[in-house]
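Number of protein chains: 2
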Amino acid sequence: MQSGLTVRIGELWYNFFAMNVKKFVKPNIYSLTAYQAKEISCRVKLDANESPYGFADGYTVLKSVKTNRYPDPEATMLKRLLAKEWGIRPANILQGNGSDELIYYLITAFGGPVLYPVPTFSMYGIIAQALGEKGIGIPLGTDFDLDGSRMAGAIRREKPKIIFLSSPNNPTGNCFSSEKMLQIIASTSSKSLVVVDEAYHPFASEKGFLPMLGDYRNLVIMRTLSKIGLAGLRVGFLIASGEIIEEVNKVRLPFNLNALSQAVAAEVMQHKAELRQHIRAIVREREKVFAELSNVEGVAPYPSEANFILFRVEDVDRVYQGLLGEGVLVRHMKGVVEGCLRVTIGTPEENRIFLRALKKVVRSEKEDK
Amino acid sequence: MQSGLTVRIGELWYNFFAMNVKKFVKPNIYSLTAYQAKEISCRVKLDANESPYGFADGYTVLKSVKTNRYPDPEATMLKRLLAKEWGIRPANILQGNGSDELIYYLITAFGGPVLYPVPTFSMYGIIAQALGEKGIGIPLGTDFDLDGSRMAGAIRREKPKIIFLSSPNNPTGNCFSSEKMLQIIASTSSKSLVVVDEAYHPFASEKGFLPMLGDYRNLVIMRTLSKIGLAGLRVGFLIASGEIIEEVNKVRLPFNLNALSQAVAAEVMQHKAELRQHIRAIVREREKVFAELSNVEGVAPYPSEANFILFRVEDVDRVYQGLLGEGVLVRHMKGVVEGCLRVTIGTPEENRIFLRALKKVVRSEKEDK
Chain B
61 MQSGLTVRIG
71 ELWYNFFAMN
81 VKKFVKPNIY
91 SLTAYQAKEI
101 SCRVKLDANE
111 SPYGFADGYT
121 VLKSVKTNRY
131 PDPEATMLKR
141 LLAKEWGIRP
151 ANILQGNGSD
161 ELIYYLITAF
171 GGPVLYPVPT
181 FSMYGIIAQA
191 LGEKGIGIPL
201 GTDFDLDGSR
211 MAGAIRREKP
221 KIIFLSSPNN
231 PTGNCFSSEK
241 MLQIIASTSS
251 KSLVVVDEAY
261 HPFASEKGFL
271 PMLGDYRNLV
281 IMRTLSKIGL
291 AGLRVGFLIA
301 SGEIIEEVNK
311 VRLPFNLNAL
321 SQAVAAEVMQ
331 HKAELRQHIR
341 AIVREREKVF
351 AELSNVEGVA
361 PYPSEANFIL
371 FRVEDVDRVY
381 QGLLGEGVLV
391 RHMKGVVEGC
401 LRVTIGTPEE
411 NRIFLRALKK
421 VVRSEKEDK
Chain X
61 MQSGLTVRIG
71 ELWYNFFAMN
81 VKKFVKPNIY
91 SLTAYQAKEI
101 SCRVKLDANE
111 SPYGFADGYT
121 VLKSVKTNRY
131 PDPEATMLKR
141 LLAKEWGIRP
151 ANILQGNGSD
161 ELIYYLITAF
171 GGPVLYPVPT
181 FSMYGIIAQA
191 LGEKGIGIPL
201 GTDFDLDGSR
211 MAGAIRREKP
221 KIIFLSSPNN
231 PTGNCFSSEK
241 MLQIIASTSS
251 KSLVVVDEAY
261 HPFASEKGFL
271 PMLGDYRNLV
281 IMRTLSKIGL
291 AGLRVGFLIA
301 SGEIIEEVNK
311 VRLPFNLNAL
321 SQAVAAEVMQ
331 HKAELRQHIR
341 AIVREREKVF
351 AELSNVEGVA
361 PYPSEANFIL
371 FRVEDVDRVY
381 QGLLGEGVLV
391 RHMKGVVEGC
401 LRVTIGTPEE
411 NRIFLRALKK
421 VVRSEKEDK
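Protein sequence lines correspond, in order, to chains B and X.
Numbering of the first sequence is given in the working numbering, commencing with residue 61 and proceeding in unit increments.
Numbering of the second sequence is given in the working numbering, commencing with residue 61 and proceeding in unit increments.
Just to be clear, a hint being listed does not mean it is correct.
Identical copies look the same in the list; a pair holds intra-copy or inter-copy alike.
The calculated lysine-lysine pairs, modelled on DSBU-like cross-linking and capped at a C-alpha distance of 35 Å, are [unchecked claim]: (1) LYS394 <-> LYS194; (2) LYS426 <-> LYS219; (3) LYS144 <-> LYS332; (4) LYS83 <-> LYS332; (5) LYS426 <-> LYS86; (6) LYS126 <-> LYS267.
Read the hints as simulated data drawn from the structure, not as lab findings.
With these hints in hand, go ahead and build the complete structure from the sequences.
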């Protein structure tokens, strides 16, 4: 066939040129580093912006799932429930195996460049690179809000196909100014999709962008069940005009949302009182933790509308390790927001353990000086 | 910002150029049609190559899954079990949200052109187009086996980065000649990845390509749990050299396999006796259904090593509709293998219903003539 060096010896064919995978893979992939989601054992896990509350009872519904059958490719029941909750039509919703997959699909369908403020959720940039598209991070301005003129300049210069705005923003915790966001959406109306990632919206006081959906045809909203108690299920949603959903749906794998996750999500969505109670508990705790952090000398928390708090400490490596020594895992923001840690709001008990450990660690730091 | 036509009226910003999504989306996506996995109601569902046997007891394990936590990004337990089963290392396995996702990742990581014999599993071509890569289908030869010289010519001409060989092949049911496959793998050793999709391997008498993994560095194998009773879970695997796995892993979403599917799959993998019993029952029934089909006048089944049988009938539309009228759903192969239907092997009872219905439909057809 292709090469004269392919020879048959006994029952097998041989070729003496072996593949050099490093040269064979696409260059944008070769230079990419795999996302590190390594497990660190701990007593109190406050590093991943998960909810501390699960829904053990939701499992009873699984007895009716036929695992030997393919899942509903349209996630009909789940989309119907959410459409009702959000006051939109199921045709405006696309289900994803987490928001991550929907970011993949958006960039696959529309291409790049992909622009986003930084620091923000890391997957926008990682997925852009995986798909061979340019990712452009524009530094945030004062108080971690959007830098309007810098964003405008970058948009003019780079002509992004997609702009991601995570609001509340991970890892800073704040919502961006609605007016600045709307100005970006309006100014790019025919040139860029603006994807407002509302993963943390349930914890925010802002009303979010769903009400704007009819006003801006380039507006796309992302929501997820990961932050409200169902991270293990991997269920995210894209919300946009039927026209946009239709195009993104073309690159969606037909059975991207497994049957178990569909069933549990649909079941839990019907227990709204419990969901809201969990969310209220987290918001209440966030305010308490923020107040307490503000009172610790050498610790400066940033205001948050999400289920986590970013805070600055004096010797970040030492505080991180000190907390871990006390069994408390938080997220080290090295390379993202220098000198900062990010703590997820846990149960009242977990938060108490975290605060006690932090005070101990910071105090011992002072004493050493 | 970008355009002088963006104006603020009251609280909102407006721009008078709305997005034309059809022009905004990538051209390869605009011309793509979404995969149609529409639901057709029926009494006996034999259209999707699912197993008729589920694992209701597997659910008890779910009580220990914490849905509020992110899943294990490495699917450690599941990969360990399969590595043991297959006699390889976990580092040679990559988990996917179904094989579909792994096809997506392979093409994302290595690019195209993507070459495959036709007819075959449709997703190779669909995903290639979704990712903007060229898909090349090369007609199969006699008895639906690979056409060696035609494949060799196409490989020389098109220089594919990836070659997909589904064996047993869907929808034809046969295994390709091992020697022809090995020759393709050896002749492309440094130029193409050859992905042997063994989705239907559990039902085949051939030993498969796992034993060859050490011999060919461009060999990639795909396996799935979808055909052996777990289609609802969406769990597929890529098996290859550590070097290839490492590159594909870079484009994998960190939490692509949800926690529920991981738990149920790991649990079921430990009930090997039950799994094997189901597989044996399906193979036994396949032989019976094949023999019976061969005896129906005007029906010509093709030999199968999978959990389905492709068969030719005289008036395919009428037989398809007639079966549906009897409550039996099979797959119409229109546009794939003209004049043929594909029936999944069900339980003995389901197969009896199918055969009885088919005989009735074919007989009434004869009588009408």
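Going through the hints against the structure:
no., hint, in the structure
1, LYS394 <-> LYS194, "within (23 Å within a copy, 41 Å between copies)"
2, LYS426 <-> LYS219, "neither (49 Å within a copy, 65 Å between copies)"
3, LYS144 <-> LYS332, "within (13 Å within a copy, 43 Å between copies)"
4, LYS83 <-> LYS332, "neither (52 Å within a copy, 40 Å between copies)"
5, LYS426 <-> LYS86, "neither (50 Å within a copy, 57 Å between copies)"
6, LYS126 <-> LYS267, "between (38 Å within a copy, 30 Å between copies)"
In this structure, the hints that do not hold are numbers 2, 4 and 5, in rising order.
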